[in-house]
Every structure is written in structure tokens, then in C-alpha cells.
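Visitor: Single-letter residue listing:
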Amino acid sequence: MGFVDILNVTKKFGNVVALDNVTLSIDRGEIFAVLGPSGCGKTTLLRIIAGLELPDSGKIIINGVDVTYEKPQKRRAVMVFQNWALWPHMTVFENIAYGLKIRGVSRNEIVKKVRWVLELVKLEGLEDRYPHQLSGGQQQRVALARALVVEPELLLLDEPLSNLDARLRIEMRDELRSLIKKLGITAIYVTHDQEEAMVVADRIAVMNRGRVMQVGTPSEIFFKPKDLFVATFIGRANVIRGVAEKIENEIVYAKVNDKLIVGLKSSEDLSIGDSIAIVVRPQFIKLGCRGDEDNIFIGRVLSSKAIGLLTEVKIDTPIGILTVAVTGLYQKDISSAVDICFDKENVYIFRYEEVSF
Amino acid sequence: MNPIGSLLEVKNVVFGGRNITIVVLKGVSFGSIINSFVVATISTLITTAIGIAIALILPLYDFPGKSILRNLAIVPLFAAPFASGYVVKKFFDWRYGLLSYVINDVIGIPLRIGFESFAGVILSEVLSLYVIVYLNVSAAINSIDYTLIEQALNLGSSFRKILRDIIIHLSMPGIAAGASLTFILSIEDIANPIIFKEDRLIAYEIFRSFQDPTTGSRSPGAIFMTILIILISLGVFIGIRRYVSYKRYAAITRGFKPLKPLKLSRKGIALVYLFILPFLLFASIPQIGVFILAFSTRWYEPLPEGFTLKNFAAFVDDKIVFTAIRNSIVYSLTALAIIAFMSILIAYSSARIKGSLSYFLDTLATIPIAVPGIAIASGFFLLFTSPPFRGTLFDPVLFSPGTAITIAYTVRRLPFMVRAVYAGIQQVAVELEEAALNLGASRFKAFTSAVLPLMALHILGGTLVAFVYCLSETSVGVILGGLKGVSVGHAAPITFIMQDYLETLYGTQIVGALGAILIILQVIATVTSSAILRGYVVIGVR
Ligand SMILES: Nc1ncnc2c1ncn2[C@@H]1O[C@H](COP(=O)(O)OP(=O)(O)OP(=O)(O)O)[C@@H](O)[C@H]1O
Ligand SMILES: [Mg+2]
Numbered sequence: 000m001g002f003v004d005i006l007n008v009t010k011k012f013g014n015v016v017a018l019d020n021v022t023l024s025i026d027r028g029e030i031f032a033v034l035g036p037s038g039c040g041k042t043t044l045l046r047i048i049a050g051l052e053l054p055d056s057g058k059i060i061i062n063g064v065d066v067t068y069e070k071p072q073k074r075r076a077v078m079v080f081q082n083w084a085l086w087p088h089m090t091v092f093e094n095i096a097y098g099l100k101i102r103g104v105s106r107n108e109i110v111k112k113v114r115w116v117l118e119l120v121k122l123e124g125l126e127d128r129y130p131h132q133l134s135g136g137q138q139q140r141v142a143l144a145r146a147l148v149v150e151p152e153l154l155l156l157d158e159p160l161s162n163l164d165a166r167l168r169i170e171m172r173d174e175l176r177s178l179i180k181k182l183g184i185t186a187i188y189v190t191h192d193q194e195e196a197m198v199v200a201d202r203i204a205v206m207n208r209g210r211v212m213q214v215g216t217p218s219e220i221f222f223k224p225k226d227l228f229v230a231t232f233i234g235r236a237n238v239i240r241g242v243a244e245k246i247e248n249e250i251v252y253a254k255v256n257d258k259l260i261v262g263l264k265s266s267e268d269l270s271i272g273d274s275i276a277i278v279v280r281p282q283f284i285k286l287g288c289r290g291d292e293d294n295i296f297i298g299r300v301l302s303s304k305a306i307g308l309l310t311e312v313k314i315d316t317p318i319g320i321l322t323v324a325v326t327g328l329y330q331k332d333i334s335s336a337v338d339i340c341f342d343k344e345n346v347y348i349f350r351y352e353e354v355s356f
Numbered sequence: 000m001n002p003i004g005s006l007l008e009v010k011n012v013v014f015g016g017r018n019i020t021i022v023v024l025k026g027v028s029f030g031s032i033i034n035s036f037v038v039a040t041i042s043t044l045i046t047t048a049i050g051i052a053i054a055l056i057l058p059l060y061d062f063p064g065k066s067i068l069r070n071l072a073i074v075p076l077f078a079a080p081f082a083s084g085y086v087v088k089k090f091f092d093w094r095y096g097l098l099s100y101v102i103n104d105v106i107g108i109p110l111r112i113g114f115e116s117f118a119g120v121i122l123s124e125v126l127s128l129y130v131i132v133y134l135n136v137s138a139a140i141n142s143i144d145y146t147l148i149e150q151a152l153n154l155g156s157s158f159r160k161i162l163r164d165i166i167i168h169l170s171m172p173g174i175a176a177g178a179s180l181t182f183i184l185s186i187e188d189i190a191n192p193i194i195f196k197e198d199r200l201i202a203y204e205i206f207r208s209f210q211d212p213t214t215g216s217r218s219p220g221a222i223f224m225t226i227l228i229i230l231i232s233l234g235v236f237i238g239i240r241r242y243v244s245y246k247r248y249a250a251i252t253r254g255f256k257p258l259k260p261l262k263l264s265r266k267g268i269a270l271v272y273l274f275i276l277p278f279l280l281f282a283s284i285p286q287i288g289v290f291i292l293a294f295s296t297r298w299y300e301p302l303p304e305g306f307t308l309k310n311f312a313a314f315v316d317d318k319i320v321f322t323a324i325r326n327s328i329v330y331s332l333t334a335l336a337i338i339a340f341m342s343i344l345i346a347y348s349s350a351r352i353k354g355s356l357s358y359f360l361d362t363l364a365t366i367p368i369a370v371p372g373i374a375i376a377s378g379f380f381l382l383f384t385s386p387p388f389r390g391t392l393f394d395p396v397l398f399s400p401g402t403a404i405t406i407a408y409t410v411r412r413l414p415f416m417v418r419a420v421y422a423g424i425q426q427v428a429v430e431l432e433e434a435a436l437n438l439g440a441s442r443f444k445a446f447t448s449a450v451l452p453l454m455a456l457h458i459l460g461g462t463l464v465a466f467v468y469c470l471s472e473t474s475v476g477v478i479l480g481g482l483k484g485v486s487v488g489h490a491a492p493i494t495f496i497m498q499d500y501l502e503t504l505y506g507t508q509i510v511g512a513l514g515a516i517l518i519i520l521q522v523i524a525t526v527t528s529s530a531i532l533r534g535y536v537v538i539g540v541r
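So the sequences go chain by chain: A and B. Each residue of the first sequence is one higher than the last, beginning at 0 in numbering that gives the first Met the number 0. Each residue of the second sequence is one higher than the last, beginning at 0 in numbering that gives the first Met the number 0.
Keep in mind that the hints were calculated from the coordinates and are not lab data. Glycine residues also receive a C-beta, built at the ideal position from the N, C-alpha and C atoms. Heads up, some of the hints might be wrong.
[As the list claims (entries may be wrong)] Which stretches of chain A does chain B cover? Using the computed rule of at least three CB atoms under 8 Å from a CB of chain B, they are:
no. : segment
1   : 87-97
2   : 210-216
[To be verified] Per label pair, the in silico range of CB-to-CB distance:
no. : chain 1 : residue 1 : chain 2 : residue 2 : range
3   : A       : 68        : B       : 40        : 55 to 61 Å
4   : A       : 304       : B       : 356       : 56 to 62 Å
5   : B       : 344       : A       : 68        : 24 to 30 Å
6   : B       : 259       : A       : 123       : 43 to 49 Å
7   : B       : 261       : A       : 68        : 57 to 63 Å
8   : A       : 56        : B       : 234       : 43 to 49 Å
9   : A       : 301       : B       : 154       : 35 to 41 Å
10  : A       : 240       : B       : 154       : 36 to 42 Å
11  : A       : 68        : B       : 362       : 29 to 35 Å
12  : A       : 105       : B       : 321       : 53 to 59 Å
13  : B       : 442       : A       : 105       : 21 to 27 Å
14  : B       : 163       : A       : 304       : 48 to 54 Å
15  : B       : 344       : A       : 194       : 57 to 63 Å
Make a model of the complete structure from these sequences and hints.
Guide: Here you go:
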């Protein structure tokens, strides 16, 4: 049993199933990310934990207490909203002090605590400003400070960085992690940004269409995806369609356009003759291979595009057009021939169902 | 059925020692029920045509002097009960009217024109009601996303085609709502029939039945008329239910692109200045006339005899007028307190509670838009003169009409206030309230600390307008106001006294002065509240 237990929670809005039998267990002191595409039910899950929404069925247990039908005011789960929800008619000080006032904390204590939290989030000296007089990053910190100041047992963060520009987002995510860790708070961190989830979280739950697809550490999710959705949602991926030809233990031999690809069996219920999807990440495809490696194919360069530190090369091969990520600059003429290969440990083979996406 | 009277009278007479032709538009009578229908239908048709024409020009085109025309177009929104209608009647009187005076006496054409009876009522309705159609239609046009039009232009459609295929089509709801409201307002109107002394109309018959309150208003005939008028209005209301919902006006559209007006061609400009401008000026005659009347010593002949300020002094000097003003303020302020409280309650619940309760509240709060004032007045009269209310402080005859009037004001203005408050709540992101709940605040505390301050301006704006319109409320005031008689210490509101003083020797000018003040208050309230509400951007969601 974890610190927070979400048991078989289902929530429908009309005929939209926002959450479909969701079960998760979050340990004390853990930063737990909920990751998924827009509309998959992340916000709904947080709102149910916060008590702002009631589930149709299932239970929410915090610290051993069933709080499913507890009023939002009574839960010690404090939320940082997706749009931060700062009160525009209150100063930074008043915004942060609000929760303390409600809790009947004395004036002196309030001043002390607000000062403490402002220092924590590096906003000293801004207490008399109004939200509209702050930058996006500062507003985000105020929202965070407002939640932290009441020293919650459980912090709920709903895409806290999504309103920031890309640079600030990268800066803030490290800061956010070390801050939460420093205070030892348990946090549920909702995001649709897989990189952010990997950096911030101890464990990640990947969601799709209201269902939890996989739960694991960032590396488990990245290196051992349990299904096609997770494999393609996390990181970039080449997806090749084929048929399972032979299965030996955990290794699958797949047939694609008369060529054979060897990879890891990643779906449990996979049998010979099944239609399959083969996933290979661009960074695991090597160019210029020796003869004794797995999965060697000859291809032709279609295009190459430098993106920052990487060069993205598109190669036409007998198994289809593949995207390959090469470190540094790649200088080879268009349509020149090149050998490509990839290790079977880096190939995930899933049973392919038409309704997968 | 035998029609009585004549549509048009053309006579050659000797007037002021000269041979002239008089043309008087009147109308024929088929009995009050049919008369009311005919008058309301004709008024609606003319009003709708004019309203649409103006609404198609003003928002869609740019031309020199546009802002002047736009302001001019809403002048009839500001009405002085009785005074405006009186000015219309006076202006179009063939004997003493300014129009015939100019045509015949000044220019010298041997012709005098008059509007009387039904024609007078219709004329007066049209001049004051086209603005309802205009505002509804132009609101619909302004809510068209310009990308729709750009898309059509991009596909090679001409603007004329776009007008026909898209704009007219999408403004249908506005046309329907405007026309229906016009119909209701003209069938229930009581002031114009009184002014033109046309008693062969339903509204007048109901009004007359109250002149002998102990028996008349309980007569089967009066009750029948009342029920009939309620049924007509409710029928129309059900038809336009969707368009009058306060929620409709509060929807926030994302990524909405407003209309870009087109340059009007030279021919178009000529048409605007030849037809629309003169009409708008013409339609402003009542308002201008009210101010002239307010400062006149006496205005019986075509031109006022002289000017004075003493009509305003009557507000204090004339004890009856003074009491009426005091009554109106007391009733309105009381109603306002209830309206503010109720509208916050209703708007908040229907914004936060989803499903059928919210729909029910919306309907409940919008119905009074369609129920005629005279029906509300007679409804409350019947209710409060029967047990268990008979003889209590609700009883308008035995106790005082004040209570019933206040309640009626509340009911009549509530829909508009709910609309303003609802729009206000919509502006406040729900997360702002949830953030407070999440930090441990109670619902009440969350509402008062995180929502109420952010919509205070909406409430203020709505309150201001509601107050002024309570002061100008006519139907209920006129019907119930005099039930305890009019002597020192009476209980009637301003509008009752305006009706009572109309066409008395010096009273007419006092009516003008009261009307002028009401117009000024309406302008102030409208301008202030729209400035407040427009300057208020979407809060909470960035
Ligand atoms: N109050 C509501 N009424 C009806 N449908 C809703 C409501 N709230 C959410 N939904 C639906 O439930 C589904 C999940 O919504 P939710 O807001 O939880 O998604 P999300 O994962 O947070 O998405 P995003 O990343 O865009 O914020 C969506 O299909 C959404 O349309
Ligand atoms: Mg969300």
C-alpha cells in the first residue's frame, strides 16, 4: 500500500470516458509523473484526487484514509493549477497568505512563513506586486509558493510549466525537482511532455484515453515499453509493419517485405503469423555496419537535416523509410548507398491491432 | 365583422382662413382583440424591416460619419414614459403639430398631415422599437466570426452573395428575437394607447378595468384579456427561448475574429445620408421634444410659448410630484437590493450546477422578459387582493400598492441583471474559486474572496442600469400606482404621476421635465455600465 492509492477509478463525462478503471499507487516522498497526450484524463485524475470532482466508481486513499467523498477543503492535497489560477485582485503576499489565513495561522506566523517560501522560490521583494505585474516564470513560482506554504502532505501539479517558454521550462523543471525533493513532499506531477516527466519524476505512469498503459521508472518506460503506444509516445520511433515469422523465448523474427528483422518480444500475447509493429528508435540505428551484426540493411540517403547537436537522416531501405539520428554533422550525398543496422535489444516488437491508435 | 372608422381621411377644409387639404391617417377597428393583433403585427413588420436595414449597414460598412449614426441609432433606447409619446402625437397633430405647421404655415403648401388613433400608436411604436430589432440583429452580425466571411471571400464569393448566404442566415436568430420582442412590447404597450386615446386595444381595456379597481379588474372580460395577452407572450417566448437565455450572451469564444467593415461605395453613402440619417433624426424627435417640453412654459401651439426652469422646481414644490419621486426611489432601491441578491444566487448556481436545474433557473429568470408588464401587474393585483394576502401589507388596495410595485419591479428587471451577473461569473475562471477551495476555504468564503471581487464591476454595471429602468417602469406603475388614490402622501411612483399629469395645463411640462431627467439618468447608466463592462477583460485564464 502506498501513500496515495488510486483504486479502480472510473469517470465519465456524458459518453466520454475520461478515466477508465485507473489504479495507481504512489509512495511517500516520491515524485510521480502522470504522462499522456492531451485529453487523456490527466487533469481529471488530479481533480478527483483533490476532491474537485467525484469519480463514478473507485476509491482514493490518502495515507490510509479513504477520502473519495471527502470535501476538497478537508484533503491535505494542494494543487498547482494548469493556468496557475492566481487571484488577480490580490498581491503576491495575499495570494500566498490565503491558505494560511484560512487555516487560522497568526499574523506573525503568516509573515514568517510567506517570507520563508518566497526565499525558497526566489521571489524575495515581490510580495507587493499583483500577478499581472509579474513575468510568466514569476507567476508560476507564486502559484507554487501558494501551494508549498501550507506544507501539504501531497502536492498536485497540473502541467505547471506548460505556460512557460521552452527555455524557462527546461530551467524550471530541474529547479522544481530539487525543491520538492528538498522539502520531502510527495508529488503527483501531470505533464504531456515526456522529456519533462523523465527529468522530474522518480516514476512515471503513461496514460492514453483514460487508461494507464504502463507504470515504471523513466528508464523502464524508455527501454522496456510495454506497448506500442508507450513505445511511440516516449521518444521518437520508427514504426515498421510486418508479420511474426518465428518466436524463440523472448526473441521474435519478423518478416517485412521478405526481409527478416530480429527483436524483443514486447507483447505478451504474440504468436506466429500475427500482424506486428516493429519499433526502432532513431538514435539506435547505426550507419556503416560490420558484417556480423543483427538487422543489417542497405539503404540510400534521402535527406539529411541538422537539428542542433543531432542530424536527422532519412534513409530509404528495403524495410521502409527510416529516420536515423546521428550525433554531430552527417555529410553524405543524397542518394548515396549506406549500410544500416540495429541491435535486436533495441527493437521492440508488438502485436499490431488496428485500433491501437 | 364590420370595421368601424376609416383608414385615411382626406378632407378639404378651411383652416385659419385658408383652403387646405388635410390628410389624417387613422385606422379601422375590428374590436380590441383583432385591433391589438393588427397594430402589433404592422408595428413589428415595419420595425423589423427598418431595424434590419440599419443593422446591415452600420456594423458591416465604414463610411464618413458612421460613429454619429451609430450613436443616433440607439437614441430611442432612452425613453421617457408618456413624454416621448406625447411629443410624437404633438408633432403629428394636423392642427397644432410642428410638421403641418412647417408644411402649411411656413412653406405654404396647402396641406396638413396628421396621425391619429391606430396609425398614431403604430407610428409611435415604430419610432421607439426599431432599436430593439437593430440591436438584436447587429449583435448577431457582430458575433459572426470574420474567418467565415474571409473563407467565403477566399473561395471567390462576392460580398453580395456573402450577405445573402452567410450574414442574413447567421443573423436569423437576432432577427427572430428582435421581431418577437417587438411584437410582445407593442401588444402590451399601454402608454401609446393612453396618449392617442385609443381605447379599442387589449392593453387599454385592461388598464381601464383598473380605474374601478374593486369591481372592474375582477371582471371576467378583464381577466380574459389578461390571460390572452399572457398566452400570446408566452407563445412567442417559447419560440425565442433559446435567444433570450442569459447564457447566450455570456459565451466566451476563443480565437474569435471580429468583423472587418467594408468601405461603403459612393452610392451607398448617398443612400445612407438620404434615407437612414433622416430616419434616425426623425426617430430622435421624441427625445429632442421631451427636452424642449421640459423647458417650455407652455407648448400647445406648434411652437413653445417660452422657456423656463420652473418645471424642474416642481419636483420639490409640487407635493404630489415630490412624493412620487420619493416613492419611486424607495421602490426601486428596495427592488434593487432583492434583484442584486437574487441575481447573484441564480447566476452563480446556474454557472456552477450543470444539468436540468440550471436550465430551469435560466428559464425562470428569463420568462419575465416576455411576460407583459400589464399581465404582471394584474397578476399581482389578483393575487394580493385575495386571501391569504388580502388586507396584509401586500394588498395594493387596502394597504398600499408599494409592496406589489416593488415586487413587480424586481421580477421585471431580474432577467437583465442575471444576465450581467452571469456574464461576470463567466469572466472569472472557475479555477480561481477551486484554488481557494483546494486551500481549505469554504464555498462561501471562496466565493466572497475569490469570485465576488472580480465580478463586482459587473454587478455594479447591472445594478446601475436596473435602478434607472425601475425608475422608468411604466405598465405596473400606471396600473397599480393609483389604487390608493392620489392625494398628499400617496403611494404612486413617478410614471403614474406622469400619466396623471399628462395633458393638464401645466402638468404636461412637468411630465416633460421628469421625462428629461429619466432620459439623462438612462444615458448615464448605460454609458457608465457599458464602459465598465467593456473595459473588463477576461480574467484568470491567460
Ligand atoms: N467537465 C467536463 N465535461 C465534459 N467533458 C470533460 C470535462 N472535463 C474533461 N472532459 C473530457 O474528459 C477528457 C479528459 O480531460 P482532461 O482535462 O482530464 O484531459 P487532460 O489529459 O488534462 O488534457 P490536457 O493535456 O489537454 O490538459 C477529455 O476528453 C475532456 O474533453
Ligand atoms: Mg489538463
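Visitor: Indicate, hint by hint, whether the structure satisfies it.
Guide: Now the hints, each set against the structure:
With 3 residues having a Cβ less than 8 Å from any Cβ of chain B, the segment 87-97 of chain A passes the three-residue criterion, so the hint holds. With 0 residues bearing a CB less than 8 Å from a CB of chain B, the segment 210-216 of chain A misses the requirement of three and the coverage assertion fails. A beta carbon spacing of about 58 Å between residue 68 (chain A) and residue 40 (chain B) agrees with the range 55 to 61 Å that was offered as a hint. Taking 56 to 62 Å as the suggested C-beta distance range, the pair residue 304 (chain A) and residue 356 (chain B) conforms, at roughly 57 Å.
For the pair residue 344 (chain B) and residue 68 (chain A), the supplied restraint of 24 to 30 Å holds, since their beta-carbon distance comes to about 26 Å. Checked against the given bound of 43 to 49 Å, the beta carbons of residue 259 (chain B) and residue 123 (chain A), roughly 48 Å apart, stay inside it. With their beta carbons about 58 Å apart, residue 261 (chain B) and residue 68 (chain A) fall inside the hinted range of 57 to 63 Å. About 45 Å separates the C-beta atoms of residue 56 (chain A) and residue 234 (chain B), a value consistent with the hinted range of 43 to 49 Å.
In this structure the supplied range 35 to 41 Å holds for residue 301 (chain A) paired with residue 154 (chain B), their Cβ-Cβ distance being about 36 Å. A beta carbon spacing of about 39 Å between residue 240 (chain A) and residue 154 (chain B) agrees with the range 36 to 42 Å that was offered as a hint. At roughly 31 Å, the beta carbons of residue 68 (chain A) and residue 362 (chain B) sit within the given window of 29 to 35 Å. A C-beta distance of roughly 55 Å is found between residue 105 (chain A) and residue 321 (chain B), which places it inside the suggested range of 53 to 59 Å.
Remark: the range hint 21 to 27 Å for residue 442 (chain B) to residue 105 (chain A) is upheld by a beta-carbon distance near 25 Å. For the pair residue 163 (chain B) and residue 304 (chain A), the supplied restraint of 48 to 54 Å holds, since their beta-carbon distance comes to about 49 Å. Separated by about 48 Å at the C-beta atoms, residue 344 (chain B) and residue 194 (chain A) break the suggested range of 57 to 63 Å.
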